[in-house]
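Engineer: Below are the chains, spelled out letter by letter.
There are 2 protein chains.
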Amino acid sequence: MCRSHGEKSVKKVFTEDGAGACEAKSSTSEVRDTHRKGLRQFTPLVVVLVGLPARGKTILAHKLSRYLTWTDHKAKVFSVSAYRRKHQELYNSHDIFRVSNKEGYNMRQLSAREAQEDATKWLKNDGEVAIIDGTTATMEKRKQIHDFFARKMGFKVLFVELIIQDEDILEHNIKEMIQFNKDYKNMSEDKAMDDFQHKMEHFIEVYETINPKMEARYSYIKVYDGGENMNVRFIDGPLQSEVLSYISNFRPTPKTFYFSRHGESEFNVLGRIGGDADLSPRGRMYAAALARHFNEAEVHDLHIWTSEKRRTKQTVAGINATSEAIPALNELDAGVCEGYSYEEMQDKFPQEFAWRDQDKLRYRYPWGESYVDIMHRIRPVLLELEREDNLLVVSHQAVLRCLLGYFMNKKPDELPYMNVPLHTIIKLTTSGYKTHMEVIKLNIACVDTYRQQPKDCSALRSTQEALHTVPAHYDSLNIWNGQLPNLIQQN
Amino acid sequence: MCRSHGEKSVKKVFTEDGAGACEAKSSTSEVRDTHRKGLRQFTPLVVVLVGLPARGKTILAHKLSRYLTWTDHKAKVFSVSAYRRKHQELYNSHDIFRVSNKEGYNMRQLSAREAQEDATKWLKNDGEVAIIDGTTATMEKRKQIHDFFARKMGFKVLFVELIIQDEDILEHNIKEMIQFNKDYKNMSEDKAMDDFQHKMEHFIEVYETINPKMEARYSYIKVYDGGENMNVRFIDGPLQSEVLSYISNFRPTPKTFYFSRHGESEFNVLGRIGGDADLSPRGRMYAAALARHFNEAEVHDLHIWTSEKRRTKQTVAGINATSEAIPALNELDAGVCEGYSYEEMQDKFPQEFAWRDQDKLRYRYPWGESYVDIMHRIRPVLLELEREDNLLVVSHQAVLRCLLGYFMNKKPDELPYMNVPLHTIIKLTTSGYKTHMEVIKLNIACVDTYRQQPKDCSALRSTQEALHTVPAHYDSLNIWNGQLPNLIQQN
Numbered sequence: 395m396c397r398s399h400g401e402k403s404v405k406k407v408f409t410e411d412g413a414g415a416c417e418a419k420s421s422t423s424e425v426r427d428t429h430r431k432g433l434r435q436f437t438p439l440v441v442v443l444v445g446l447p448a449r450g451k452t453i454l455a456h457k458l459s460r461y462l463t464w465t466d467h468k469a470k471v472f473s474v475s476a477y478r479r480k481h482q483e484l485y486n487s488h489d490i491f492r493v494s495n496k497e498g499y500n501m502r503q504l505s506a507r508e509a510q511e512d513a514t515k516w517l518k519n520d521g522e523v524a525i526i527d528g529t530t531a532t533m534e535k536r537k538q539i540h541d542f543f544a545r546k547m548g549f550k551v552l553f554v555e556l557i558i559q560d561e562d563i564l565e566h567n568i569k570e571m572i573q574f575n576k577d578y579k580n581m582s583e584d585k586a587m588d589d590f591q592h593k594m595e596h597f598i599e600v601y602e603t604i605n606p607k608m609e610a611r612y613s614y615i616k617v618y619d620g621g622e623n624m625n626v627r628f629i630d631g632p633l634q635s636e637v638l639s640y641i642s643n644f645r646p647t648p649k650t651f652y653f654s655r656h657g658e659s660e661f662n663v664l665g666r667i668g669g670d671a672d673l674s675p676r677g678r679m680y681a682a683a684l685a686r687h688f689n690e691a692e693v694h695d696l697h698i699w700t701s702e703k704r705r706t707k708q709t710v711a712g713i714n715a716t717s718e719a720i721p722a723l724n725e726l727d728a729g730v731c732e733g734y735s736y737e738e739m740q741d742k743f744p745q746e747f748a749w750r751d752q753d754k755l756r757y758r759y760p761w762g763e764s765y766v767d768i769m770h771r772i773r774p775v776l777l778e779l780e781r782e783d784n785l786l787v788v789s790h791q792a793v794l795r796c797l798l799g800y801f802m803n804k805k806p807d808e809l810p811y812m813n814v815p816l817h818t819i820i821k822l823t824t825s826g827y828k829t830h831m832e833v834i835k836l837n838i839a840c841v842d843t844y845r846q847q848p849k850d851c852s853a854l855r856s857t858q859e860a861l862h863t864v865p866a867h868y869d870s871l872n873i874w875n876g877q878l879p880n881l882i883q884q885n
Numbered sequence: 395m396c397r398s399h400g401e402k403s404v405k406k407v408f409t410e411d412g413a414g415a416c417e418a419k420s421s422t423s424e425v426r427d428t429h430r431k432g433l434r435q436f437t438p439l440v441v442v443l444v445g446l447p448a449r450g451k452t453i454l455a456h457k458l459s460r461y462l463t464w465t466d467h468k469a470k471v472f473s474v475s476a477y478r479r480k481h482q483e484l485y486n487s488h489d490i491f492r493v494s495n496k497e498g499y500n501m502r503q504l505s506a507r508e509a510q511e512d513a514t515k516w517l518k519n520d521g522e523v524a525i526i527d528g529t530t531a532t533m534e535k536r537k538q539i540h541d542f543f544a545r546k547m548g549f550k551v552l553f554v555e556l557i558i559q560d561e562d563i564l565e566h567n568i569k570e571m572i573q574f575n576k577d578y579k580n581m582s583e584d585k586a587m588d589d590f591q592h593k594m595e596h597f598i599e600v601y602e603t604i605n606p607k608m609e610a611r612y613s614y615i616k617v618y619d620g621g622e623n624m625n626v627r628f629i630d631g632p633l634q635s636e637v638l639s640y641i642s643n644f645r646p647t648p649k650t651f652y653f654s655r656h657g658e659s660e661f662n663v664l665g666r667i668g669g670d671a672d673l674s675p676r677g678r679m680y681a682a683a684l685a686r687h688f689n690e691a692e693v694h695d696l697h698i699w700t701s702e703k704r705r706t707k708q709t710v711a712g713i714n715a716t717s718e719a720i721p722a723l724n725e726l727d728a729g730v731c732e733g734y735s736y737e738e739m740q741d742k743f744p745q746e747f748a749w750r751d752q753d754k755l756r757y758r759y760p761w762g763e764s765y766v767d768i769m770h771r772i773r774p775v776l777l778e779l780e781r782e783d784n785l786l787v788v789s790h791q792a793v794l795r796c797l798l799g800y801f802m803n804k805k806p807d808e809l810p811y812m813n814v815p816l817h818t819i820i821k822l823t824t825s826g827y828k829t830h831m832e833v834i835k836l837n838i839a840c841v842d843t844y845r846q847q848p849k850d851c852s853a854l855r856s857t858q859e860a861l862h863t864v865p866a867h868y869d870s871l872n873i874w875n876g877q878l879p880n881l882i883q884q885n
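Chains as they are written, first to last, in the working numbering: chain A, 395 to 885; chain B, 395 to 885.
Incorrect hints may have been included.
Same chains, same label: a pair holds when it works inside one copy or across any pair of copies.
Listed below are the simulated BS3-like cross-link pairs for lysine-lysine, each with C-alpha atoms no more than 25 Å apart in a straight line [said to hold, decoys possible]:
{"no.": "1", "residue 1": "K742", "residue 2": "K754"}
{"no.": "2", "residue 1": "K537", "residue 2": "K518"}
{"no.": "3", "residue 1": "K649", "residue 2": "K550"}
Honestly, the hints are just simulated from the structure, not real lab data.
The following block holds chain A by itself, in its conformation from the complex (with noise of 0.2 Å):
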């Protein structure tokens, strides 16, 4: 089926035993290419944080910065300080910041012009929205800033000041600054306290506000005391109005998240795919054990999002708590292979089964998803996350698989492969832009369910090589196939 014609190139895809067969996969990468243009802005945008130290301004940079790369962005933070940590290795002392060091001032200007050329470099090449994580604390300063990224360069300039008028998060931000922040890892804590301090007053010293009368002609977002409030001025394009969605969803508290797959399902055992079976006797058995978990752990405030299967509410239905069920949390439709074994879709769609395993984050069944859809449509899910703390969510492997990459920073071509059993809590613990995870296994059996990607993706190989990575399971007749039975996962 090799094709002469048309404007694509056709690739060769070689196996493992070096035999060729002309694939259709010739489209995948400009496939992906077509959806991340698809969201691109037309103009590069640059979003350059305002703020007094303590703000939240790094935390919010990389948060938006993983946020924007989730939605199809090509988005990256440039920190002053990382620049400026460059210049003096070992921090000493507030001084640097003092505003009469002249030394001290040139080695910032000297961070701050670095990072706006390396943001240059990366907006000219193929970048789409570059954060500037600085102070950018007096008029005279933006005004430079978006004389160079906008007059000169052409691209646009948000500004996002970050203020902070409620105390107690003010004395929140700087306990986590002391201990986060790079500068302050060698110094006890108390020294730490005293020098940021004085860091803070000369930066107070020369802090101007962003002046709506004076700055009249600049974009930007003011968020008052984590994203409660907002003063926002000429929004200019869908890039920008992104950024204001998430800011606008923004809270930089610590947040608590438990994940979990449902317990195993009939289908599980049977090595079906999609549907909406009932929990197996086993799976019934971890609904047990995990409502004990929650039951005995009480949990301070705990509710529960599922998705709309039988199985998850059913994983949920003995845990003390108020459930939900969000359509955004079912599992990737399977289309015309919904209820399928691999067995089967390797029978009646050999093409589709070898394509999935060839891109399996791009490859869409037909009228189904594909993992960069499944990307697309838990955004209003992870925009709700950052307002939610001690929820538990259960879900579906590959929804599981796109939510926890997203926490855990993961890139999105590792998603499809990424472990998540059965039967297993994952707690995650979020503070700043930080995720700690902790894996809780209950220890009910189960199958596996995991297929690893095998090593001959042709269309034209032998269904025992498509075969080769399917995981134990009944067949149709109730016939254990594959391995043996003690292969069976015990948690």
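Let chain A serve as the given structure and place chain B on it in line with the hints.
Structural biologist: The following block gives chain B in isolation, referenced to the frame of chain A:
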């Protein structure tokens, strides 16, 4: 290939002659549902407009509703004055808005209640965003609305207040309102203007702007002078951000756009889809005619967007205006079928070809796109267009169907068969939320690329049936096939 297992019901697709073919099409409506649900908010949202008359509330309500519908949300406007007109068919005068007019007050209260009740019914069924278009002029009224929708019904409520400080904008709005408002359709302009001034005075007497201190418990957006400045209070979730995102781009000024497909390409002549072919000789003639048309028209500040494809860039090469190539305007990606003729698709992928005919809106080519994907891909373009004027967009058949369908308020299912012929300029003039369309055919002959939906869409149909509606073109040996050459479309 009938399936007897799995979760999805298998529907029989009957052909015109009564022969039944078992198709995997069962999943298409479910696929659509997945897509709809994927973006659905967790809790329904009520957007309540607030503002004096002529502040642009009705325009915003309808444009926001159209945008949300297009981006896969179920949105609907509930206009309080439409309910009022049911109780009082013929509008007499401003007197019903007089504060001390008890009868008028009661009627308006009743209308507001009816709008609330219908919005509630609709949201409890399957609506997502109800937009209440009324003045909602007092704190008391807002409290009543919030108590009802948020406290009693459990919906989210977002107030959007439109404030105009710029006298010119207000004057423009008043003129437009007197022209379009149904109350004034039987009144002379002078009388209407006088009546409107009185009506406004009645409202000013009672109007209270949203009070940041006393109404701090609400989510709200205050929009100044048509979107340039905003105060935003407590955005709560992705659906509210989507509304914020649209409003931040919204500019209610009149606009003129010109749309055209590229000139006839070499692939059009050969009946091939996709690719990156050059213009045919007749396509080059269209490019020349298009350049003459625009260069003679001397449109003020004309600028151009094309796709990245050679055929669109070549089409605008002679026009005296700046031009930008926008990836989001590229033609629908036909994946593995790029560069194929319909005859070849039927030959290599008869099942895919039949699926496409069954549901052209949602069908995705393997590794390619669907019309639904295009609707999503052009979302940033729709936001950018809000702030454009005198713009010529030269793109491709499927993309233009989606763009024009948006402005002409088409239902998604109508898009794939909209007629957007080659060698034709479509001029859109938008004023408020109404769009006027003018079709300008330039007199350059070209092939017809419009393929009707065949009567028989089953995968079991004969090749002849499948190709029955393919328009005439040259085949790969440059032999004219199909109907006689005199059927070539003469515009």
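Engineer: Against each hint, give a clear statement of whether it holds in the structure.
Structural biologist: Quick rundown of the hints versus the structure:
| no. | hint | verdict |
| --- | --- | --- |
| 1 | K742 / K754 | both (18 Å within a copy, 23 Å between copies) |
| 2 | K537 / K518 | within (21 Å within a copy, 51 Å between copies) |
| 3 | K649 / K550 | between (33 Å within a copy, 23 Å between copies) |
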